[in-house]
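Build the complex: two chains, separate frames, hints provided.
Protein sequence lines, in the order shown, are assigned to chains Y and H.
Counting in the working numbering, the first sequence runs from 1 upward without gaps.
Counting in the working numbering, the second sequence runs from 1001 upward without gaps.
These are calculated hints, taken from the structure and not from any lab test.
As the structure is a computational prediction, the values presented were derived from the model and not from experiment.
Among the hints, a few may not be true.
Label pairs and their computed distance ranges (CB to CB) [what the hints assert, rightly or not]:
| id | chain 1 | residue 1 | chain 2 | residue 2 | range |
| --- | --- | --- | --- | --- | --- |
| 1 | Y | Gly252 | H | Asp1172 | 53 to 59 Å |
| 2 | H | Glu1420 | Y | Asp86 | 35 to 41 Å |
| 3 | Y | Gly243 | H | Arg1408 | 33 to 39 Å |
| 4 | Y | Asp86 | H | Phe1417 | 45 to 51 Å |
Below, computed lysine to any residue pairings styled on SDA-like, alpha-carbon distance capped at 20 Å [claimed, not checked]:
| id | chain 1 | residue 1 | chain 2 | residue 2 |
| --- | --- | --- | --- | --- |
| 5 | H | Lys1392 | H | Glu1420 |
| 6 | H | Lys1225 | H | His1272 |
| 7 | Y | Lys341 | H | His1272 |
| 8 | Y | Lys341 | H | Asn1129 |
| 9 | Y | Lys114 | H | Ala1432 |
| 10 | H | Lys1431 | H | Glu1276 |
| 11 | H | Lys1392 | Y | Thr115 |
| 12 | H | Lys1431 | H | Asn1226 |
| 13 | Y | Lys341 | H | Glu1276 |
| 14 | Y | Lys341 | Y | Asp311 |
| 15 | Y | Lys308 | Y | Arg284 |
| 16 | Y | Lys341 | H | Val1107 |
| 17 | Y | Lys308 | Y | Phe288 |
| 18 | Y | Lys114 | H | Lys1431 |
| 19 | H | Lys1392 | H | Met1357 |
| 20 | H | Lys1387 | Y | Thr112 |
| 21 | H | Lys1387 | Y | Gly71 |
| 22 | H | Lys1387 | Y | Lys308 |
| 23 | H | Lys1387 | Y | Ser63 |
The beta-carbon is built from N, C-alpha and C at its ideal position, and this holds for glycine as well.
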Amino acid sequence: MPDATLQSILALIQEPVPQPVRDWKSNGQPVVGYFCQYVPQELILASGALPLRLRGVGSDDPSLGDALMSGRVCTFVRHVMSLVLDGRYDVLDAAVCANTCDHVRRAADVFTHKTDIPCEFVSVPRSPRESLFAYYLEELRNLHASLCTRFGTAPTDDALRDAIRTIESNRQRLRALPPLRQHQAPKLTGAESLALHIASQVLPPKDFQSLADELLEALERRPGFEDLRARFVLIGAELDDPGYVRALESQGALVVGDQLCFGARSVLPPIDPDAQDPLEAIARTYFFRHSCARMMGDFPARYESIVKLVDDCRADGVIFQRLMFCDPWGADHHNILLRCKNVGGFPFLSLTREYGIVPTGQLRTRVQAFVERIEIARAQATPIQEGGES
Amino acid sequence: MRSSTQMLREPAWRELLEALPVLQTFFDGDPHSYGIQSLLRCVTSYTNDAFAAVDNGKPFVWYNLGFNSELIYALGDVCPLPIESLGVLHNLLGSLDRSMEFIDTAVATGVPSDCCSADKLAVGAIHKNLYPMPACTVGINTPCDSQVMATQVMAELGQAPFFPIDVPYYHDDRTVRHVAAQLRELIPFLERHTQRRLDFDRLRYVCELSNQTTEAIWEWLEWRKNVPLAQSSKLVAFTLVLQILFTGHRNGVELAQALLREVKERTVRGEHFYEERARAIWYQDPVWTDMQIYDWFEQDLGLSVPVDVFGFYAQDGLIDTRTPDTMLEGLARKLVNCHPMARQFRSDMGVYIRDFMHMHEAWQADCGIFAGHIACKHAWGGIGLFKEACRKAGIPLLVFEFDMFDPRITPNDEVFFQVERFVNEVVLPRKARG
Chain Y
1 MPDATLQSIL ALIQEPVPQP VRDWKSNGQP VVGYFCQYVP QELILASGAL PLRLRGVGSD
61 DPSLGDALMS GRVCTFVRHV MSLVLDGRYD VLDAAVCANT CDHVRRAADV FTHKTDIPCE
121 FVSVPRSPRE SLFAYYLEEL RNLHASLCTR FGTAPTDDAL RDAIRTIESN RQRLRALPPL
181 RQHQAPKLTG AESLALHIAS QVLPPKDFQS LADELLEALE RRPGFEDLRA RFVLIGAELD
241 DPGYVRALES QGALVVGDQL CFGARSVLPP IDPDAQDPLE AIARTYFFRH SCARMMGDFP
301 ARYESIVKLV DDCRADGVIF QRLMFCDPWG ADHHNILLRC KNVGGFPFLS LTREYGIVPT
361 GQLRTRVQAF VERIEIARAQ ATPIQEGGES
Chain H
1001 MRSSTQMLRE PAWRELLEAL PVLQTFFDGD PHSYGIQSLL RCVTSYTNDA FAAVDNGKPF
1061 VWYNLGFNSE LIYALGDVCP LPIESLGVLH NLLGSLDRSM EFIDTAVATG VPSDCCSADK
1121 LAVGAIHKNL YPMPACTVGI NTPCDSQVMA TQVMAELGQA PFFPIDVPYY HDDRTVRHVA
1181 AQLRELIPFL ERHTQRRLDF DRLRYVCELS NQTTEAIWEW LEWRKNVPLA QSSKLVAFTL
1241 VLQILFTGHR NGVELAQALL REVKERTVRG EHFYEERARA IWYQDPVWTD MQIYDWFEQD
1301 LGLSVPVDVF GFYAQDGLID TRTPDTMLEG LARKLVNCHP MARQFRSDMG VYIRDFMHMH
1361 EAWQADCGIF AGHIACKHAW GGIGLFKEAC RKAGIPLLVF EFDMFDPRIT PNDEVFFQVE
1421 RFVNEVVLPR KARG
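One chain only, chain H, in its complex shape (with noise of 0.2 Å):
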């Protein structure tokens, strides 16, 4: 395995950890950003620590993002890596130039071309051998088709052990115990990779951390049902970062409670940066490209998104403790229910509409807007159902074409064109009319 000093080499390293603490000092001019702030500094925990486990020979794991971390972070000295963190990453703080190379690298390769750039940059990262080599690999088949492809992928690339997880198509307990058994089947396949025993105790201060995520979250959603919304709308899709790498983790509980306090203090200050004209439930995909976007929404349009599909948090229960069977049927049951995606986009249409009339309703919003990432099969399949349950419950919806992590796509200011105009010639004329 290579040292941290060869990995830093690589630009894509380097580019990353020069940008954080600079994007930190950027935010620290707002010292009541704690939200983005605990992110900056929970990535760089995370980098921090990565690197170190490189210098130490410790193992990493590598999955796909329809899975979260909690078994990983039990097992103690291993060091779980989403195989998208890196290109996400490049993407959210910025370097496009970065996730694009891994993106035109995943095609290079044979990834076809129509296939989710969230994958892609997955395999072009891998491809460009900027991760460490895992000692085994976990890949679960949500959210969608395109996850199965890059757990394939990953499979072939990571040359390590792979262990699939099947999440079926319902909603059921039973589908639960099925995930649950599987669990349950991963944890000595991950023992014997990774040279490391899990505890039970040590995965129930685990999962009492994850608990202790999930009611921060679930609070955090609470507080921007508050209108108008006191916080940055760009927020709101962390709750799928979390998930995904940070959740069994102190950083997960940390960056959880700060997006609370953010919210909360904002709203009793009675904070505002705009006029709150219109509120929007973004279903689909994040702008990933360009999260100030959402800050031209606001400031320009007076759009708020309380709440998007990445960041909703459905309340499914916390993990029950007391056992390991509970715990692990606990874990089973946020992958299943909860894990956003996961929840709204691998079984029928039915969960997917629901939770956009619940979001709707509860987060009183005033439209909704389908950010349709092209490579969103699943959710473009059932775009005339998801149109026509909008029509009959009046929700003006807007649908457009875009890519989440490539702006080549669709230019950003095209998204912006169709938002602006969307507001202004049908949600705002419309909120008046009463």
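Chain Y on its own, in the form it takes in the complex (with noise of 0.2 Å):
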């Protein structure tokens, strides 16, 4: 039953270090935890680390991060630290962090100074444009030599090809997931699909496609969702908690498809094993992706691609949400609004949250109202637009 295996999934990823990782780590295998999507996961798994991604999940207070960052730093990030300096993430041999934004390049200092936990840094270049990739590439080539002399490996191609392999095979379950959500009856919710992306981001490979093939194989039995009143793109920063998205899907609507950090944006093409240099094979996926909203001059890409998304997914409308304090999300917040408003868009919902809080009822009524509108619209056959920070 696809219940049982999602419940085990959910359970896995209530914990910032779920119980496979703590195996992992008894078995004296060291453990990397990171931030940002630009870190690939496969140079951390070619160390010999297991990758973890950084989460504030099973954080109630923030206040040891609220100390340190002030109540300034996005709320993801706040949670993450406070965690990260209570002793939660015990399991770290190492983190990696990025500049992906302001508050992730804090979380560094804090590492750096607040902690044992030796905190390695990539410099990724704002903009996904051919000139800047030699930089990229090289921070990945220091990251990659750092983390094995860390480990006491071998720097080898050999390993990063093991790595590829291991990572595409995680990835290869994860992209039977759209057609299973796009379908007319959609065989899983938006919240059952990003509780899996994360648990591919947070469990050992083995773990995780082991508890994917079980999914997979009992969702072919499960019947589609029918009647829905309307379906969803969800979009945005950083949300990995899968109640927030199910509070979303309490009106009768369902979330079809999305471009989350977390989520669907996790997935990358595949990448070459067999490349002549693996690395910069890893490199080049990773840099030329679909990419976040802190790179600079690529919001025309991002648009085209959430406009697909929406025509792939036969969605109704787009729901935007956003963490306060989140600048980078901020520019694409005020970008999509404009297209929408100029060039006709999508219906558009905008939401901005905190994390680790799902505000149940506030969330109900402006999604009610939402899906309302988009049934008076449909009915009278006139778009709509829907725009302002709430």
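Okay, structure coming up:
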């Protein structure tokens, strides 16, 4: 039954360090926590460590982070760093941070000055263009070498090729999800899909693959969700809370596609393990991936991809969620609204949120109103728009 | 493109141009206030040139405040336009209603309210169609994410080709080379879209002007180390304005030399308008909404601000003008390691804290004031480490929240009250105790 497998997955991802990661660690193998999707899992794995995506799940109180970082840093980073400072990430042998955003940069400072966890840093160029690729590649070569030195492993191409194959096995399973979601009667909810994507980033690959196989098999037998009031695409900043998506889906609508950093955007195109330079192949795929809002000059491509996803999913509207204080996604918020206004675009609901809190009542009211507007517009066959900050 | 006459029908421009001569007359009352007089002259000269450029159909290049103007001046008759300029000038010249209107427009069009007001000023002005449309736009990721936000909105609203410049996290030579390579890439982009050729002899001339400006700034800041400070506190933040808009132009040299001449003469004459009782390093953001507040600090509290983070210009060498490559490397070095804020805000907290400690010692300060612009998440994100460093160094530190361009967040009276209480109850008693 998919429900039983999903319950297992949900239970595992409720903890910042799932039990299989502790098991991995207890076997004497290192674990590396990382922020940001521009830090390749493959490099960490090839150095002999398990990549563990840092999350703030399980943190009730960000006060340890607040004390060092103030209340002006996004709650995602503050919760993560509160867990780190509270010893909840006690399995980490190292952390990797990137200049993803101002908040993650400061997390690196906290790692460096307030913990015993060594922190590696990757400076990711702010524009995905060919002339800047060499810099990113050099950063990744340095990171790979440094991690291998730290863990006493040889930085070999063979290890990289194996890591590519392992992570690709994860991604192959995740690539099976969009058709199931985009179906007229979707086979799984947005919340369930997000949970599986998160699991791929926080579990040892073997554990993830076994759960994913179980789930995919069970989903084949599951009847689809019929009579949906509306179909949504969900986009925006860091969101790793299936409960939040569940609240969005509580009004008879379903999230049938997403471009979340923890969700579908984590699934990259295949990387060729037999490439002459596997590290370059990794770097190229990561650098020219579907970009994060931090990447300057790439908004037109991001917007086109939203339009395509809406089309592919036959979605009725787009829900944009943004963590308070996130500037990069603030730009995309403005620009999407502008395009929706100028060129028609799609029905758009904008939500500002805090990490770890699901304001169920407010959220349901907003979504219900949005669904009703879609239904009314559908009945009247006229396009609608919604904008503004919530 | 609209004519200057059409642009001048916009109240936002008309009010600015009306205010400039009034202020000029006002400051003429103090014949030795060369710095502020020069600033007003340079702004007037810039706006006159910009309006002439509009009428003559010359191209404009938009960019954000992390960038410097040299390469654009080196194109010849191309007008540089920092997108924050109109909003900042209104703020600086006291037209707060106008700048708040820009901020509100930005929020109404989808910029989140927690983004930086400097960028909201920019976005609001663009939405109001107050700037001549650009031939192309240049965006740089310094000093912070809010600037990244502004550049992306600029790229969307500017409806012109956009060139992003990436400044990495580090301060080393590799970083400088990386930025220099992008400047090399930028030149053909600018040439193509402005239809102007960048002449390297002209670039050399521009770099020489830039160097003269830098040397004058360094010397000016040296003179401001004298105790007591003989020149107004409020002038120090002008380094940033100067580097964004005037560097590489004779206006930049004039302004920097005027600031220097003023402090020199006032110091030599031993001029003091108030009894200096304490000196503060103003760290983070100036109170642009009311620059007179620094006069109140001086007169009511005896508090001077000899240097702040917007005014400090690191000594990292001049531009080597021997070859095109050395010039580009020198310009890159300025953007990476000298430009105020870009130097301190884009990396780890190390440079941020070290620069503060250096300023505190070199300018013989008694305390630090962290004027925490609410949208400076990078600075707030390191506040714990900064406080700790100050505590270890025995430096009294005031920390408060405000918005440097929007007085609705924290009224200036409240800012004054916080500083007053800190000076009177912490700094002066401590100083008295020795």
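Going down the list of hints, with the structure as the test:
At about 56 Å, the CB distance of Gly252 of chain Y to Asp1172 of chain H agrees with the hint of 53 to 59 Å. In this structure the hint that Glu1420 of chain H and Asp86 of chain Y lie 35 to 41 Å apart at CB holds, the actual value being about 39 Å. Taken as a hint, the range 33 to 39 Å holds for the pair Gly243 of chain Y and Arg1408 of chain H, whose Cβ atoms sit roughly 36 Å apart. Taking the beta carbon of each, Asp86 of chain Y and Phe1417 of chain H are about 37 Å apart, not inside 45 to 51 Å as hinted.
Note on Lys1392 of chain H and Glu1420 of chain H: the hinted pairing is violated, with a Cα-Cα distance of about 24 Å set against a maximum of 20 Å. Taking the CA atoms of Lys1225 of chain H and His1272 of chain H, the gap is near 15 Å; set against the 20 Å cutoff, the hint holds. Of the supplied pair hints, the one linking Lys341 of chain Y and His1272 of chain H is violated, its CA atoms being roughly 57 Å apart against a limit of 20 Å. Our distance criterion of 20 Å between C-alpha atoms is met by Lys341 of chain Y and Asn1129 of chain H, whose separation comes to about 17 Å.
Straight-line distance between C-alpha atoms of Lys114 of chain Y and Ala1432 of chain H comes to about 35 Å, which puts the hinted pair past the 20 Å bound. For the hint linking Lys1431 of chain H to Glu1276 of chain H, the alpha-carbon distance of about 13 Å falls within 20 Å, and the restraint holds. Restraint check: the Cα-Cα separation between Lys1392 of chain H and Thr115 of chain Y comes to about 19 Å, which is no more than 20 Å; the hinted pair holds. For the proposed pair Lys1431 of chain H and Asn1226 of chain H, the alpha carbon gap of about 18 Å is at most 20 Å, so the pair holds.
Our distance criterion of 20 Å between C-alpha atoms is broken by Lys341 of chain Y and Glu1276 of chain H, whose separation comes to about 56 Å. Of the pairs offered as hints, the one joining Lys341 of chain Y and Asp311 of chain Y holds, with about 18 Å between alpha carbons and a cut-off of 20 Å not exceeded. The hinted pair formed by Lys308 of chain Y and Arg284 of chain Y fails the criterion: a straight-line CA distance of about 23 Å is larger than 20 Å. Proposed proximity of Lys341 of chain Y and Val1107 of chain H is supported: the alpha carbons are some 15 Å apart, at most 20 Å.
For a cut-off of 20 Å, the pair hint linking Lys308 of chain Y to Phe288 of chain Y stands: about 18 Å separates their Cα positions. Note on Lys114 of chain Y and Lys1431 of chain H: the hinted pairing is violated, with a Cα-Cα distance of about 32 Å set against a maximum of 20 Å. About 11 Å separates the Cα atoms of Lys1392 of chain H and Met1357 of chain H, which keeps this hinted pair within 20 Å; it holds. With a CA separation close to 16 Å, the supplied pair Lys1387 of chain H and Thr112 of chain Y stays within the 20 Å bound.
A hinted pair counts as satisfied when its Cα atoms are at most 20 Å apart, and Lys1387 of chain H with Gly71 of chain Y qualifies at roughly 15 Å. The suggested pairing of Lys1387 of chain H with Lys308 of chain Y is violated, with an alpha-carbon distance near 48 Å, which exceeds 20 Å. Between Lys1387 of chain H and Ser63 of chain Y the alpha-carbon distance is near 17 Å, which keeps this suggested pair within the 20 Å criterion.
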